[in-house]
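Mapping of the sequence shown onto the working numbering: position 67 corresponds to residue 89, and the numbering continues sequentially without gaps.
Rather than coming from a laboratory, the hints here were simulated on the basis of the structure. Fair warning: this is a prediction, and the values are worked out from it, not measured in the lab. From the three backbone atoms N, C-alpha and C, an ideal C-beta is built for every residue, glycine too. Mixed in with the good hints, there may be bad ones.
[To be verified] Cut-off 16 Å, straight-line C-alpha distance, at most; resulting in silico cross-link-like pairs (EDC-like, lysine to aspartate or glutamate):
1) Lys264 <-> Glu275
2) Lys264 <-> Glu145
3) Lys265 <-> Glu275
4) Lys132 <-> Asp147
5) Lys194 <-> Glu205
6) Lys199 <-> Asp254
7) Lys264 <-> Asp149
8) Lys127 <-> Asp147
9) Lys108 <-> Glu58
10) Lys218 <-> Glu170
11) Lys132 <-> Glu145
12) Lys249 <-> Glu114
13) Lys31 <-> Glu140
14) Lys47 <-> Glu140
15) Lys272 <-> Asp147
16) Lys135 <-> Glu145
17) Lys47 <-> Asp32
18) Lys98 <-> Glu196
[Claimed, not checked] Here are the in silico distance ranges between beta carbons for each label pair:
19) Met93 <-> Glu269: 45 to 55 Å
20) Leu76 <-> Thr42: 36 to 46 Å
21) Lys227 <-> Asp90: 45 to 55 Å
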Amino acid sequence: LEHILNLRKDRIRSFVVGITQNASKVQQYNLEGVMEAAIALNYIFRVVRHYLILGKKTRSLFILMQLDMQMPLIMKMAEAYFNALKAFSKGEPIGDGLGPLVAAKLMHGKEKKYVAEEVVASEFDLDGRRVIVLKAEGPGSSVGKPGEAVARLVEQHGGRIARIIMVDAAAKLEGEKTGEVVEGVGAAIGDPGPEKYKIEEAAVKWGIPIDAIIVKMGLDEALSTMKKEIVDAADEVVERIKKIVAERVKEGEVVIVAGIGNTIGIGQ
Numbered sequence: 023l024e025h026i027l028n029l030r031k032d033r034i035r036s037f038v039v040g041i042t043q044n045a046s047k048v049q050q051y052n053l054e055g056v057m058e059a060a061i062a063l064n065y066i067f068r069v070v071r072h073y074l075i076l077g078k079k080t081r082s083l084f085i086l087m088q089l090d091m092q093m094p095l096i097m098k099m100a101e102a103y104f105n106a107l108k109a110f111s112k113g114e115p116i117g118d119g120l121g122p123l124v125a126a127k128l129m130h131g132k133e134k135k136y137v138a139e140e141v142v143a144s145e146f147d148l149d150g151r152r153v154i155v156l157k158a159e160g161p162g163s164s165v166g167k168p169g170e171a172v173a174r175l176v177e178q179h180g181g182r183i184a185r186i187i188m189v190d191a192a193a194k195l196e197g198e199k200t201g202e203v204v205e206g207v208g209a210a211i212g213d214p215g216p217e218k219y220k221i222e223e224a225a226v227k228w229g230i231p232i233d234a235i236i237v238k239m240g241l242d243e244a245l246s247t248m249k250k251e252i253v254d255a256a257d258e259v260v261e262r263i264k265k266i267v268a269e270r271v272k273e274g275e276v277v278i279v280a281g282i283g284n285t286i287g288i289g290q
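Please construct the entire structure, taking both the sequences and the accompanying hints into account.
Given below as structure tokens:
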């Protein structure tokens, strides 16, 4: 699966580079985000058209009724991706950038180094504990390979990692508040599988506990320009991370903090 995902990314990237040779790396990465949103919109259009034509051809009232009943949800999804086009074309931070924003706040002003493909990290002391914070390299549109980064760091330290703290955006249910911060356990990452697997594999191999901190938001809020509620939630997450480090990590131990998400518009 990872091989196929890499091939897809390389194909899109090579196409973008081919048509924007004079653009900066950040602009090219942002254009990749525009293409991803456009592909999603085109797919939604083709599926709706398919069922509309199929209903007409078969004279099936049930197919057309099902399509009609689904349209409010389909339109909501389409509007989310349409708004994503605007954010990516302008290089604005999106709701899904909550994790990288938290990581950027923690590593601001500190030395950075590359630890995996399109992933940077900073290592510093916090109340006697050694903290390694990582995020995708910004400010271009990228999610990097955080799973590979975490696995490498764990191996480099011989498995002597006290905890892994993961920060990510999460889909909210209707009625829940945007920007609500929730703590849990497990690998908080919404990738197709490979990156999550690498983190869980390393954690199981060395018996490392994983803490998850998520911030709730709707699909439209995750893909559009970041709202104030989400920006404010980032400060609360930073405080929660410091509390976890102080209460659950002993002095002298090492903890990894992974800011998961698309880092468009967010540097380091």
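Going through the hints against the structure:
| no. | hint | verdict |
| --- | --- | --- |
| 1 | Lys264 <-> Glu275 | 14 Å, holds |
| 2 | Lys264 <-> Glu145 | 15 Å, holds |
| 3 | Lys265 <-> Glu275 | 15 Å, holds |
| 4 | Lys132 <-> Asp147 | 11 Å, holds |
| 5 | Lys194 <-> Glu205 | 14 Å, holds |
| 6 | Lys199 <-> Asp254 | 13 Å, holds |
| 7 | Lys264 <-> Asp149 | 9 Å, holds |
| 8 | Lys127 <-> Asp147 | 15 Å, holds |
| 9 | Lys108 <-> Glu58 | 12 Å, holds |
| 10 | Lys218 <-> Glu170 | 9 Å, holds |
| 11 | Lys132 <-> Glu145 | 8 Å, holds |
| 12 | Lys249 <-> Glu114 | 11 Å, holds |
| 13 | Lys31 <-> Glu140 | 13 Å, holds |
| 14 | Lys47 <-> Glu140 | 12 Å, holds |
| 15 | Lys272 <-> Asp147 | 12 Å, holds |
| 16 | Lys135 <-> Glu145 | 9 Å, holds |
| 17 | Lys47 <-> Asp32 | 14 Å, holds |
| 18 | Lys98 <-> Glu196 | 13 Å, holds |
| 19 | Met93 <-> Glu269: 45 to 55 Å | 49 Å, holds |
| 20 | Leu76 <-> Thr42: 36 to 46 Å | 38 Å, holds |
| 21 | Lys227 <-> Asp90: 45 to 55 Å | 51 Å, holds |
When held up to the earlier numbered hints, the structure conflicts with none and fits them all.
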